[in-house]
Amino acid sequence: MHHIVIGAGPAGVTACDTIRDLDPSARITLIGGESEPPYSRMAIPYLLVEDIDEQGTYLRKSESHYSERRIELLQEGVTGVNPQHRSVTLARGDTLVFDRLLIASGATPVKPPIPGIDSPGVHSCWTLADARAIIERAKPGVPVVLIGAGFIGCIILEALVERDVQLTVVEKADRMVPRMLDEVAGSLIKAWCEDRGVTIVTNSGVAGIEKDHGGLTVNLENGDNLPAGLVITAVGVTPNIAFLAGSGLDIDQGVLVNAHLETNQSGIFAAGDVAQARDYSTGGYSVQAIQPTAVEHGRIAASNMVSGESVVHQGSLNMNILDTLGLISASFGQWMGVEGGESSVLLDEARHRYLKLQFDGEYLIGAGCLGHTQHIGVLRGLIRGRVPLGEWKGRLMKDPTRLMEAYLGSVLGVS
Amino acid sequence: MLRSLLIDADKCTGCVQCELACSFENEGLFNPSKSRIRVFTFHQEGRFVPYTCTQCADAWCMQACPVDAISIDADSGAKVVHAAMCVGCKVCTIACPFGTINYNSATGKVIKCDLCGGDPACAKACPTAAIRYVDADQTGFERMRVWAGRTDAGSSATA
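Top to bottom, those sequences are chains B and H.
Residue numbers for the first sequence follow the working numbering, beginning at 1 and rising by one.
Residue numbers for the second sequence follow the working numbering, beginning at 416 and rising by one.
There could be a bad hint or two in this list.
What the hints assert, rightly or not - Cut-off 16 Å, straight-line C-alpha distance, at most; resulting in silico cross-link-like pairs (EDC-like, lysine to aspartate or glutamate):
(1) H/524 - H/442
(2) B/61 - H/483
(3) H/524 - H/490
(4) B/139 - B/50
(5) B/61 - B/17
(6) H/524 - B/51
Stated by the list, open to error - Here's a subset of chain B near chain H, in silico, CB distances under 10 Å, partners left out:
(7) 10
(8) 58
(9) 295
Claimed, not checked - Now the stretches of chain B that chain H is said to cover, found in silico as 3 or more residues with beta-carbon under 8 Å:
(10) 223-231
(11) 317-330
(12) 377-388
These aren't lab readings, by the way, just hints derived from the structure by calculation.
Ideal Cβ placement from N, Cα and C applies to all residues, glycine included.
So here's chain B without its partners, still in its complex pose:
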């Protein structure tokens, strides 16, 4: 049985390892589009501050991991998939034939449609190559404009501040991390950053980027002009699906998959940032593009590639955790609440602490928090385990910090 996995990110690498665990005799080919050992984009901010070297970003640390596990690693672009011929076409022109295929081709940063976006000195922060270019330019005192204060923008923000650049962040929405946290939390993060010397411009897009003598000028829609030695764009990512055009695969925002993470073409699966799969909270199909979901998809898809439709994907829980200059925030599931639901809120602005729980009946369905780092995984446990809270619901409405007690009380019956 020949398994081909397109994409050497967390979903693809997890899938290859899982296939090997389940089937010692399978032939496994892992195709990555970059000329690096498989690495984690999540580790790039830590590379930017030189906490780690490039090897520290690698998904598997042993150099011989892939050869020992007999995973054939190709560094090559993929230009097409033909479900009828069960084949994959590589950039150099030849084709490979598969029995099972996993599409884990990930996502690419969205390039904002701004005049001058292709100027030298304008980068996204997504690949190791991007990181090298940013390290080259982001020197102490250099004016840097970061376009986008979403999740990825905020993760890079800290690294840029630590590199001592003169940073301005521009965000179109009315607050930071608008798709991860509510207005209260987004505003607290903004104030926190401003207190630490970062200029944050919200409610303004970028009108254009001009080349100046020796540098760049970023013209904002609000009329301001910002000089920049480096411009970084982080306005979101989009699934890598262009190479699947004409393949007959069902594609919406991403590659649509069923409860076995299989596409409309038998034997072809999708996982990770490219997959539009079931969301646990909503029951709908969406692209989550987060690390835990990528790994979960990779594992489940691999099991089904090896053993038929053996594992059902019940839906992944959307969740994120972010460290913005030491202020840690997280969100889980339906953090924005649902109609007819109830919420419990604790806000201590002076200490930058915020916790908001969302309930539907006696179930926790979502949460957002700021400044809380201890035992927060239990939020996932309570939501994803669909733990009936019973009398703990009322107690959490009064004091949302008693999460751990609620978990122990509800699950172990301590109460």
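Given the coordinates of chain B, work out where chain H should sit on it, guided by the hints.
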């Protein structure tokens, strides 16, 4: 035979010797907030519940780690964080449904129970034998594991 922590909350008096022993063993200071085992207080019921990592088979933390910084210790079976490899991204802290792997802002890394390399300080410090280190299959963690199973997005189809 693998061994694991057996916690009998009925025997716990809330003395927090386990927290002190853990933080001293692992962090070199007597600071319960740095302990990897925590005693939770139920005032209304007058009960105390010591709680830490169950070294669960699913190992959510290990699976979620983007840089391979968590591995299984072959001798103790514990899931161990390798501080030198941990970048401090904290994804494991939201992936663990038990809430038992936590960020340590002092080091910028995560910490969790590693069974002290096979000789857990909490069990030695507990004066009432509420925490014991015993053969793995005797532990009362099974019920929690059942709930952990429900956290998995994948479940085996019934034949």
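Evaluation of the provided hints:
no., hint, in the structure
1, H/524 - H/442, "holds (13 Å)"
2, B/61 - H/483, "holds (7 Å)"
3, H/524 - H/490, "violated (24 Å)"
4, B/139 - B/50, "holds (13 Å)"
5, B/61 - B/17, "holds (14 Å)"
6, H/524 - B/51, "holds (12 Å)"
7, 10, "holds (6 Å)"
8, 58, "holds (7 Å)"
9, 295, "holds (5 Å)"
10, 223-231, "violated (count 0)"
11, 317-330, "holds (count 8)"
12, 377-388, "holds (count 9)"
This entry does not satisfy hints 3, 10, going by the numbered hints stated previously.
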